[in-house]
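Novice: Chains as they are written, first to last, in numbering that gives the first Met the number 0: chain X, 0 to 186; chain C, 0 to 197.
No wet-lab data here; the hints were simulated from the structure. Think of the CB as a built atom: it goes at the ideal place given N, C-alpha and C, for glycine as much as any other residue. Be a bit skeptical, because a hint or two may be false.
Unchecked claim - The following label-pair restraints were derived from C-beta to C-beta distances: (1) Gly53(C) / Val116(X): 25 to 35 Å; (2) Arg6(C) / Ser117(X): 26 to 36 Å; (3) Pro179(X) / Val188(C): 26 to 36 Å; (4) Ala115(X) / His28(C): 22 to 32 Å; (5) Gln18(X) / Glu120(C): 21 to 31 Å; (6) Gly127(C) / Lys29(X): 24 to 34 Å; (7) Pro170(X) / Asp170(C): 21 to 31 Å; (8) Thr61(C) / Val116(X): 46 to 56 Å; (9) Pro16(C) / Ala115(X): 33 to 43 Å; (10) Gln185(X) / Glu120(C): 57 to 67 Å; (11) Gln185(X) / Arg3(C): 43 to 53 Å; (12) Glu115(C) / Gly121(X): 35 to 45 Å.
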Amino acid sequence: MSHVNPPNPPAEPIPPNVQVGSGTEIFGDKIFRRFFSEREPAIVFGENCYFDGVQLALGKRAIVRVGNFVYAANMIILAEHEIQIGNHVFLGFNVAIADTDFHPLDPALRVQDAIAVSPVSGGRPRPVIATAPVIIEDDVWIGPNSAILKGVRIGAGAFIEPGSVVTKDVPPRARVLGNPAQVIGQV
Amino acid sequence: MGLRPDRRIEGDWYDGPVPDGVSAHPETHLDSAFIFANVEGKVEFRRGSHVYSGSMFDVSPTGHVIVGECAMLNGVYIVCDSRIVIGAYATISWNVVFMDTYRMPFAPEARHKLLEQRFHERAPQPKGADVPSHPVVLGDNVWIGFDVCILPGVTIGEGSVIGARSVVADDVPPYTIAAGNPARPIRAVQRPAAGERT
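If we strip away everything but chain C, and leave its shape as in the complex, we get:
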């Protein structure tokens, strides 16, 4: 259902409001406020976009997620510290991971410290690492198969398709089918004719 003025969702099982950082066009479908329980930054749902249960948005105060027109998120896990853009008409299957940051340093010594810090702070997650984030951008009309991981810094071009269970570590050009772990281009898909609406 759409977002009510009191920031609740009609018929929601979860007893909590949708955080103020989440904005949704009136013609959107959000399954539950629980999906946004870990949102401290901004999330924008454009007209006709819809997100279903099994999704979890973990957005830090500096994070900004944009879900384009008529994009369908059928169970995504989003870890965002900077920017994740999902283009219009995207079809995202279940258990798809988008992350623009690892939230953890590569150096084992620093990871070691963070896990001890999490314990002392009694935090539910190890957080607060000073690690870079690299925006993730999906062009319009991208189709992502189930269980796919999209790693930090990846750009997927317009009209491309990612096969189920792929791990996308490098950019995928527009109108390309890519699959595998790590994902590799397999072949091109037909570009729409000039003037045809994609």
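Next comes chain X alone, as it looks inside the complex:
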């Protein structure tokens, strides 16, 4: 055998508002553990994708669209709003994609938020938290340990070096590196 698979636990049942295209394989026991989206549909997977050990942490109003031939292993998608992944995208291990700030930037609002998510919340709602869609276009390569943050659009064919923290749009076919990620060349 040329390659040995790590032992894969069986995938959890797929929620009814998740659409999976033909030829797409999904592995892992953590994939829907933090899936709370009530959207119809909440996730649309294209065809012939491979998702192994991916966590899909979706808030109530989140939607995620995944194209065809997307390869992802041991990474996390944190969506409160919208994340689009194009066709032929490679996502390395330990990658995180988030379309939200998770908590308010304003310190006073953050106190409110801390109380609202605490055991003494008493049903208080959380304050408004900034979100913005993340769009990853076709043929993008995202190296291991990278983070793609809210509101970012990564242009077609771009190459994100391992460990990059992408906070701004990346032009098509750009090669980026660093925290914050900067363009270092073209591919």
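Chain C: place on chain X using the hints.
Specialist: Frame of chain X, contents of chain C only:
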């Protein structure tokens, strides 16, 4: 535990042998054969070296990894197509990535083809790209912080320290503290006096 003659590790949870390409001095510690499940090339553990769970060696048939004397690998991800050398007395923290190749071409058109090929071959990874690899070499007594990525072609000189979460894209001279993403030299560390064992 050390490697038994039947190529199993005492008390291992993983039901598989350590591949023949992995050699280990009797005085080494390998946590599990699972760490080497993706090894098709050579991996050499010198005396006193130790590797712990959370590590994954992905070594292709042309790859050769050398782990020097008393080097500690506390959770590394190694992608090797040519040569990765970790010097003696190295201290490597968790989630550290060493890669001597990207395993993927830079040109988006070629990456596109490889992902389709992976599907048709039902392979667990897109592989077989004809891409160059550039050896990674760590000198002796190097200390790497957690979550660091070491990119293809990097040489880190003897006695240097890399700060946590750095991405090392360029060579680091000996006896230097470097950090950042991309990593930059911050200052020099004291070289040992002549004759003093490092």
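Novice: Identify every previously stated hint that the structure contradicts and give their numbers, smallest first.
Specialist: 2, 4, 9, 10 and 12
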